[in-house]
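Below are the chains, spelled out letter by letter.
Number of protein chains: 2
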Amino acid sequence: MRQISNMNIPRTDQKRVVIIGGGFAGICLAKSLRGSKFQLVVIDRQNYHAFQPLLYQVSTAGLEPDSIAYPIRKILKKNKNFHFRMATVNGIDPDVSEIQTSVGSLEYDYLIIATGTKTNFFGNAALEQNAMPMKSVPQALNIRSLSLQNFERADQCEDLVERQALLNFCIVGGGPTGVELAGAFAELKRHVFPRDYQHMDIDEMEIHLFEGADRLLPPMSETASRKSLEFLMNLGVRVHLNTLVKDYDGDILTTNKGETIRTKNFIWTAGVTGASIRGIKEESMHEHLNRYRVNRFNQVKGYPKIFALGDIAFMETERYPGGHPQVAQPAIQQGKHLAKNLKLLEKGKSMVPFEYHDKGSMATIGRNKAVADLPFWSFGGFFAWFIWMFVHLMSLVGFRNRVIVFFNWVYNYINYDKAARLIVRPYNLHRKKN
Amino acid sequence: MRQISNMNIPRTDQKRVVIIGGGFAGICLAKSLRGSKFQLVVIDRQNYHAFQPLLYQVSTAGLEPDSIAYPIRKILKKNKNFHFRMATVNGIDPDVSEIQTSVGSLEYDYLIIATGTKTNFFGNAALEQNAMPMKSVPQALNIRSLSLQNFERADQCEDLVERQALLNFCIVGGGPTGVELAGAFAELKRHVFPRDYQHMDIDEMEIHLFEGADRLLPPMSETASRKSLEFLMNLGVRVHLNTLVKDYDGDILTTNKGETIRTKNFIWTAGVTGASIRGIKEESMHEHLNRYRVNRFNQVKGYPKIFALGDIAFMETERYPGGHPQVAQPAIQQGKHLAKNLKLLEKGKSMVPFEYHDKGSMATIGRNKAVADLPFWSFGGFFAWFIWMFVHLMSLVGFRNRVIVFFNWVYNYINYDKAARLIVRPYNLHRKKN
Numbered sequence: 000m001r002q003i004s005n006m007n008i009p010r011t012d013q014k015r016v017v018i019i020g021g022g023f024a025g026i027c028l029a030k031s032l033r034g035s036k037f038q039l040v041v042i043d044r045q046n047y048h049a050f051q052p053l054l055y056q057v058s059t060a061g062l063e064p065d066s067i068a069y070p071i072r073k074i075l076k077k078n079k080n081f082h083f084r085m086a087t088v089n090g091i092d093p094d095v096s097e098i099q100t101s102v103g104s105l106e107y108d109y110l111i112i113a114t115g116t117k118t119n120f121f122g123n124a125a126l127e128q129n130a131m132p133m134k135s136v137p138q139a140l141n142i143r144s145l146s147l148q149n150f151e152r153a154d155q156c157e158d159l160v161e162r163q164a165l166l167n168f169c170i171v172g173g174g175p176t177g178v179e180l181a182g183a184f185a186e187l188k189r190h191v192f193p194r195d196y197q198h199m200d201i202d203e204m205e206i207h208l209f210e211g212a213d214r215l216l217p218p219m220s221e222t223a224s225r226k227s228l229e230f231l232m233n234l235g236v237r238v239h240l241n242t243l244v245k246d247y248d249g250d251i252l253t254t255n256k257g258e259t260i261r262t263k264n265f266i267w268t269a270g271v272t273g274a275s276i277r278g279i280k281e282e283s284m285h286e287h288l289n290r291y292r293v294n295r296f297n298q299v300k301g302y303p304k305i306f307a308l309g310d311i312a313f314m315e316t317e318r319y320p321g322g323h324p325q326v327a328q329p330a331i332q333q334g335k336h337l338a339k340n341l342k343l344l345e346k347g348k349s350m351v352p353f354e355y356h357d358k359g360s361m362a363t364i365g366r367n368k369a370v371a372d373l374p375f376w377s378f379g380g381f382f383a384w385f386i387w388m389f390v391h392l393m394s395l396v397g398f399r400n401r402v403i404v405f406f407n408w409v410y411n412y413i414n415y416d417k418a419a420r421l422i423v424r425p426y427n428l429h430r431k432k433n
Numbered sequence: 000m001r002q003i004s005n006m007n008i009p010r011t012d013q014k015r016v017v018i019i020g021g022g023f024a025g026i027c028l029a030k031s032l033r034g035s036k037f038q039l040v041v042i043d044r045q046n047y048h049a050f051q052p053l054l055y056q057v058s059t060a061g062l063e064p065d066s067i068a069y070p071i072r073k074i075l076k077k078n079k080n081f082h083f084r085m086a087t088v089n090g091i092d093p094d095v096s097e098i099q100t101s102v103g104s105l106e107y108d109y110l111i112i113a114t115g116t117k118t119n120f121f122g123n124a125a126l127e128q129n130a131m132p133m134k135s136v137p138q139a140l141n142i143r144s145l146s147l148q149n150f151e152r153a154d155q156c157e158d159l160v161e162r163q164a165l166l167n168f169c170i171v172g173g174g175p176t177g178v179e180l181a182g183a184f185a186e187l188k189r190h191v192f193p194r195d196y197q198h199m200d201i202d203e204m205e206i207h208l209f210e211g212a213d214r215l216l217p218p219m220s221e222t223a224s225r226k227s228l229e230f231l232m233n234l235g236v237r238v239h240l241n242t243l244v245k246d247y248d249g250d251i252l253t254t255n256k257g258e259t260i261r262t263k264n265f266i267w268t269a270g271v272t273g274a275s276i277r278g279i280k281e282e283s284m285h286e287h288l289n290r291y292r293v294n295r296f297n298q299v300k301g302y303p304k305i306f307a308l309g310d311i312a313f314m315e316t317e318r319y320p321g322g323h324p325q326v327a328q329p330a331i332q333q334g335k336h337l338a339k340n341l342k343l344l345e346k347g348k349s350m351v352p353f354e355y356h357d358k359g360s361m362a363t364i365g366r367n368k369a370v371a372d373l374p375f376w377s378f379g380g381f382f383a384w385f386i387w388m389f390v391h392l393m394s395l396v397g398f399r400n401r402v403i404v405f406f407n408w409v410y411n412y413i414n415y416d417k418a419a420r421l422i423v424r425p426y427n428l429h430r431k432k433n
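So the sequence lines, in the order shown, correspond to chains A and B.
Numbering follows numbering that gives the first Met the number 0, in which position 193 of the first sequence is assigned residue number 192; successive positions increment by one, without gaps.
Numbering follows numbering that gives the first Met the number 0, in which position 122 of the second sequence is assigned residue number 121; successive positions increment by one, without gaps.
I should point out that these hints are in silico values taken from the structure, not numbers from a laboratory.
None of the values given here were measured: they were computed from a predicted structure.
It is possible that some hints are incorrect.
Since the list gives no way to pick one copy over another, a pair counts as held whenever it fits inside one copy or between any two copies.
Derived lysine to aspartate or glutamate pairs resembling DMTMM-like cross-links, with alpha carbons at most 25 Å apart [as the list claims (entries may be wrong)]: (1) LYS304 to GLU106; (2) LYS77 to ASP416; (3) LYS79 to ASP200; (4) LYS188 to GLU157.
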C-alpha cells in the first residue's frame, strides 16, 4: 500500500475541495463555499491575499505593504472544516487524485487550480537575472528599496555618468502596471524627491516607459491610450512606443532600435505567463500562454474533477476567442460561479455555464488623472480618477485596510507626499529574487 | 597632500556638525539645531528613525513597521545646509578630525556619537547565532515572520514533540522589552490564534519568560515588579525568576539550573552593550559597558570636539553614579541640551552642564494592563495602561504615524485582534541576521 502523508488534515465524511492559490479567484471561491458541505483546503505560498492592483503604490512609497494584504486565515475564519497550508505545490497526480506539495501530499475530491500568472521574460536570461519584476509584495518592496537606495547613492556620487544611471528609471511594458508605475515615479519626482534631496538637481531624474505596440494600454480603448499618453507626457515621462527592450545587463538597456540607456532602475512589466503546475497532459494546455484549457464550467479539458480559474484558465468563448483578459474581474466572477456549480454537482444537478460580464477597466496615472473604459463610455481625467479610487478602496479586503489606505491617500493628496519611503530591508542585488 | 573624499558634501563657510546615529538623541539634536549657523550632516545605517519602544508590537503583529518609522530626510527637511548619508561609520580619526564611513571619509568640526546600543550576547557564540534579537525594525519583522511560520508548521505537524518546540515561545530578559513581548504573545494566544488555528489545541502554546534577578523589571519599583508578575501570570505566562539561560543550540534551551526546554522561538532581550566606534582611546571608554565617558557637557573625555549622547554616553553624576539609564528620556534631553551648548560655543560663551529630569518609566503588559513609576507614585492597571498609550502615541514622529497607530490600536482593541499577521518576507534561518 502507498504511504500517504495527509499534511495533518484528517479525512472527514465531507468531500474535500483543494484550492491552490489565494488570489482573487481562489479567495472568492473559498468565501462563496462558506456554509457548504465540503471540507475546504486552501494552499498558498504566502499566508496572505495581496491586492495586486495596488502593488505599484507599495513600490512607489504611497502605501505600506500591510495595508494591501490580508491574512488568508482571517478572511476564511468563518468557514467550517477549513484548513490553510502555506506551501508550494510541485505536481498533480490526476490518476490517484493527489497533489504533491513542499509539506507533503494530499488527496482531493475536487481540485481547483487558481495559481495566476508569473512574470514572463520570454526566455531572456539576462533580463530575468537583472530586471525587477513586480508581481508580489516582496517584489514591490524590493523596487521601493532599490529606488530609494539609488537616490541615496546618487546624492553622494560625484560622477555624472554614474549619477545619471542611478537616477534613470526605466519601465518596460505600457500596460496598466507600467503606466501606473511611471505616473507614480513622476509624482515622486515632482513633489517628494525635491524636498528630500535638496542638493540634487531633480532634472537629472528621468523616467522612461517602453511599449512594443504603437499605443499605451493596448487592451483598452483608443481614448484611454491617447489620454494616458497625454497625462504621462505632461508629467515629464519619456514614452517610447513601438520599442522593444532586447537586453539589460544590470547597467545598460538596449532597445530593438539599437538605442542604449544607462540605468540602475529597470522594472519589467512587459508580460506574464501562466504559473502552471506539472501533471496535466499537454493537450489540456494552451502551450503558448501556459494556461489550462477549460470548458464553460471551468473544468480542465479531460479532467472532470480538476478546475482552473482566473488568469491560469483559458476559456474559449464566442466573445472571447483568445480567452478572458487576465485581470481581476474574470477571476472574481469565475470563483463565485464555481462555488455555485460545485454545490449543484453535490446535489446531483447539472452545472451552469459561465458567462463573463465585463464591468470595464481603468488605470490611474497620478494626482487627479485616470482613464476608464466603461462598457459604453471611455473617458479620462478627474472623474475617472475619483471612480478609480472608490472602486479600488471598496475592493480591498477588510475594514481596517480600507481605512488605512483611505487615510494614506488623503494624507498624501493633501501634503503632496508619499510617506512610506522607508528602506526597511535594503535590496541586495545578489539576493535571489522572491 | 592626503586625498580626502568628502562624500559629495561641499565645505561651506559654516562649521560642520556630524551626527552619527538617527535615534532619539541624534534626531532631537538635529531638530533643535534648526535655524542655527551650522552645516549639519546626519549619518545612519537606515534611512529612517525607528520608534524603538513599539518594536515589540511589530514583532507581535499589532502594528505594521512603516507606522513606527519615519524617514530621516523628512524629519529634517526644514533644516538648512543639511545633508543625510545612509552609511556605516567604521572609524574615527580624532588627530585629523575625520571619520571613515562605508561611502568615504568626512571631516568634522564637531562630531556627535549617538549610536546607541546593540544586543549583548556576553560572548556566547551559540546564543548569538541562534537567538532572535529585537533592536531594529528588520529584527522585529524577523520575529513576526518566524513565529507565524512556526505556527503554520505546527498546524501541519503530526509529531507532538516537534509541535511543542514550534509552539514554545521563550523570551530571555525580564526588562520592559521582555515583559511587553511576553504579554503581547499571551494576548495572541488568548484572542487571535484560537480563531486562526481552529484545529490546533491552543494550550500547546507556552510562553516562558526568563529573568536572572529575583524580580521582573529590575530597574523599576517593587510595585511595578509585583504587578507585572501578577499580570503576566494571569495571562498564563510562565515566569522563571533567578534563572539565567546559559545556552541555546537552535533547538534546546538550557538554564543555569540545568533545566532544558525545546523551542523554535527564542528571543533574546537580556542585555545591551554600547555600539562604539573604533578610534577613541581606551581611557575615554567605560570598558565593561562599552560607553564613552563624557563630562557634564557630553564631551568625550580628552576630545573637546567629540560628543557622545544617549545610551552610548556614560556620564557619572552624584544622582547617577552608574550613568543614566539607557532609555529614551536621557537621550532626548541630552540631544536638546547639546543643541543649546553648541550654539553657546559658537558665540564664544561657556556651555551649561546637563541635568537629567526623570519623568518616570512605564511598561505595558497587555489589554488594560500596564505599570508606571512616576517620580512620586508607582501604580499599575487600567489607568497606567491608558497613560502609557497616550504618552507613546504623542511621542511618535509625525501626524500620519500617530493616526495610523491610533487607528490600529482602536481596531485591535475593539476586535480583540492583531491584524498585521503577515509573513511578508519569510524568515530564513540560514540568513545572516541584520
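Do the hints match the structure? See the list:
1. LYS304 to GLU106: within (12 Å within a copy, 72 Å between copies)
2. LYS77 to ASP416: between (38 Å within a copy, 15 Å between copies)
3. LYS79 to ASP200: This pair counts as between: shortest inter-copy Cα distance 17 Å, intra-copy 59 Å.
4. LYS188 to GLU157: Within one copy, since 20 Å is at most 25 Å while 54 Å is not.
No hint from the list above goes unmet by this structure.
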